[in-house]
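Peer 1: The task is simple: from the sequences and hints, build the whole structure.
Using the numbering used here, you'd call the opening residue of the sequence shown number -14 and step up by one each time.
Everything labelled a hint here was simulated from the structure, so no lab data went into it. Take these hints with a grain of salt, some might be off.
DEER-style ranges, computed between Cβ atoms [as the list claims (entries may be wrong)]:
(1) ALA82 - SER211: 42 to 50 Å
(2) ILE50 - ARG113: 50 to 58 Å
(3) SER338 - ALA123: 35 to 43 Å
(4) LEU219 - ALA129: 33 to 41 Å
Where a beta carbon is used, it is the ideal one built from N, C-alpha and C, also for glycine.
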Amino acid sequence: MIGRRGLSRQIFLSMAIVTVVAAVVVFVGLYIAFAVIFTFFPTLIDYEEWLPSSTELLIFLLLIIPSLIVASVVALKLANRILAPLNSIAESARRIAGGDLTARALPGDRTLGETAHLVSDFNAMAQRLQDMADEMAAWNAAIAHELRTPLTILRGMLQGIADGVFTPDEQRIRTLLLQTEGLSRLVDDLRVVTLAETRRLDLQIETVAVATEIQHILDLTGPALSDAGLSVELATFDIAIEADGMRIRQALLALIENARRYATPGRLLIATLVIDDTVVIRVEDDGPGLEPDFAKRAFETFSRGEASRSRRSGGSGLGLSVVRAIAEAHGGTVSYRRSARGGATFDLILPRSRGG
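Peer 2: Shown next as structure tokens:
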């Protein structure tokens, strides 16, 4: 094992030196003590009577030998207790370096609190590495899945146009543009989430009129919302914040698109509120809301609700995670709760100023 002989030898030598030094200190200390007594209080002790004989000196020196043996045994046992978890950590580290992320260290003797904590921290780190690898694999699979459908449609239609099967009329070109826009939005969402995870999402801060941005998004999504049977109800007022306008629009679009995909036909309330030094942008629909189990992880990347419902709506599982990433990059938060009507209420909470 790495370091076993070296550390054992050091512990052994340390214990031996401590034993010898302790014996010498006791022996010399006695001589010094008696020398002081004989010098200042010569009548208290008979010098000839208390002076150690050669036999007593020999016995004293011989007692050091079993002391050294005991110290050696204790040192070796202590070394084994210390080295067992350390060697387990070293072996597990080598296995992890070789690609086995399931390797874990054994704590050994838990009475050694420091080594037990070290093993616990190492195993926590190893578990985190395994979780990150699993998340990365899930990300890769999810990204491949989300890119496959629009790319397949684009390739099929372009191949059909090239082979003369399809006529490149206006409707078909619009369909191609729609798929391209979907791909562009997906790539941008992936970029935002990835940069946010690594804390590298840069913001271009400017003064943003919240009500104006909301209206711009509604101008773009109005026809799609009407087709989905949603009637927009605005409750906004003029309020300005210091934020990245493009990212705020992206977050708003994600919330509105989430309602368009999943909400039942009815009212869609979009409101703004001021609470202390924050501005709340609220998007509320009439139902059906999120399932309780899904609500706990709704803002995680690639999280989706009921599978068949997600397939019908065509959601990528990125929308709400993008909203969270943008909110947190601004120093804000996003939250979900069920509305009084039984629908979903999303609150995008942003500070009014960068210092707020």
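Peer 1: Do the Cβ positions of ILE50 and ARG113 conform to the proposed distance bound of 50 to 58 Å?
Peer 2: With Cβ atoms ~51 Å apart, the hint holds.
Peer 1: Confirm or reject the claim that LEU219 and ALA129 have a C-beta distance inside 33 to 41 Å.
Peer 2: Given a distance of about 39 Å, which is inside 33 to 41 Å, the answer is holds.
Peer 1: Does the beta carbon distance between ALA82 and SER211 stay inside 42 to 50 Å, or does it fall outside?
Peer 2: For ALA82 and SER211 the Cβ distance comes to about 58 Å; the hint is violated.
Peer 1: Regarding SER338 and ALA123, is the given constraint of 35 to 43 Å on their beta-carbon distance met?
Peer 2: 38 Å, holds
Taken one by one, the earlier hints fail for this structure only at number 1.
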